[in-house]
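J.: Chain by chain, the residues:
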Amino acid sequence: MEYLIFINRLRFVKGCNYMLETLLKPEFILLDLEASSWEQAICKSYEPMVMDGIVTEEYVADVIQGVKTHGPYIVICPHVAIPHARPEFGALKPGIGVAILKEPVKFGSQDNDPVKYLFPLSSRDSTNHLQMLQELVELLSNKETMQSLSKVVSQQQVMEIVREKGELNA
Amino acid sequence: MPKRYRALVCCRAGMGSSMMLKIKCDQVIKENDLPIDTEHGNLDSLIGFDGDLVITMSDLTDELNADPRVPCAVGITNIVSKDEMLNKLSEWVKSQN
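Residue numbers (the working numbering), protein chains in the order written: chain A, 853 to 1022; chain B, 8 to 104.
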């Protein structure tokens, strides 16, 4: 038991349990997702994470409320949205998903519409998740990575891209 | 010693976009030696903020510029564009002189 606690602490120190590739599970990756509105895109992108107890439905509702109140500030670069909400609304565990839409939808972002890629986040504490967010920024900044992401046909391929990217950063 | 400015990087939740924005801003600030130090927060962090600048996503800019607690808000449209960040931040620094 003590050994296990020690190992866990070690993992915490290394920060590897907050790495993108550790938090992204294959079942959180949705390809060819069909959505007729931005609300639906957000809801569907979070579905597997709600099922898995990562976030609550109230959390997803707060993501949508946030965009309704403040505008599409979650659309952070061309064709990419990172849905997230205030943690107290139901971010139960840290997590991230990937949803690639079959047909892009408009979020009302003047410069970055339409959105094709969603990276739904569950984050309780941005300092702990710094590594995950850092890896995500690097992934989004890398044209080649984004190009490979546009061609994926399986969840496994997405996992491989994330893993390769993580190794490059390490 | 030239003046250094204090900037708050924030979004609504302070969890996702603002942290990613801060990561990228810090890269640009470091690479170009801009006289800005960043801190990070959410909309609540504006209470008692006495720095010089707020950096946020462009969709929140109008709302923040209308807020009396905000000295000046700079909005970023594309989080991965270092050019956009450099242009907007250096322009702001120039406007302070």
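Hints may contain errors.
[Said to hold, decoys possible] Among chain A residues calculated to face chain B with C-beta under 10 Å, some are:
#1 V927
#2 I928
#3 R938
#4 N964
#5 D977
#6 L985
#7 Q1008
[To be verified] Chain A regions said to be covered by chain B (calculated; three or more residues, Cβ under 8 Å):
#8 887-901
#9 930-937
[Unchecked claim] Derived CB-CB ranges, DEER-like:
#10 A:Q1008 <-> B:G55: 46 to 52 Å
#11 B:R11 <-> A:M903: 29 to 35 Å
#12 A:Q917 <-> B:E98: 30 to 36 Å
Worth flagging that the hints you see were computed from the coordinates, not collected in a lab.
Quick reminder that beta carbons are idealized off the backbone N, C-alpha and C, glycines included.
J.: Each of the hints needs a verdict: does it hold here or not?
T.: Tested hints:
1. V927: Nearest chain B Cβ about 8 Å off; hint holds.
2. I928: 4 Å, holds
3. R938: Holds, about 5 Å.
4. N964: 7 Å, holds
5. D977: 8 Å, holds
6. L985: 5 Å, holds
7. Q1008: 26 Å, violated
8. 887-901: It is violated: at least three residues are needed, and the stretch 887-901 of chain A offers just 0 whose Cβ sits closer than 8 Å to chain B.
9. 930-937: That given contact holds, which follows from 4 residues of the stretch 930-937 of chain A lying within Cβ reach (below 8 Å) of chain B.
10. A:Q1008 <-> B:G55: 46 to 52 Å: 48 Å, holds
11. B:R11 <-> A:M903: 29 to 35 Å: With a Cβ separation near 48 Å, B:R11 and A:M903 fall outside 29 to 35 Å, so the hint is violated.
12. A:Q917 <-> B:E98: 30 to 36 Å: 33 Å, holds
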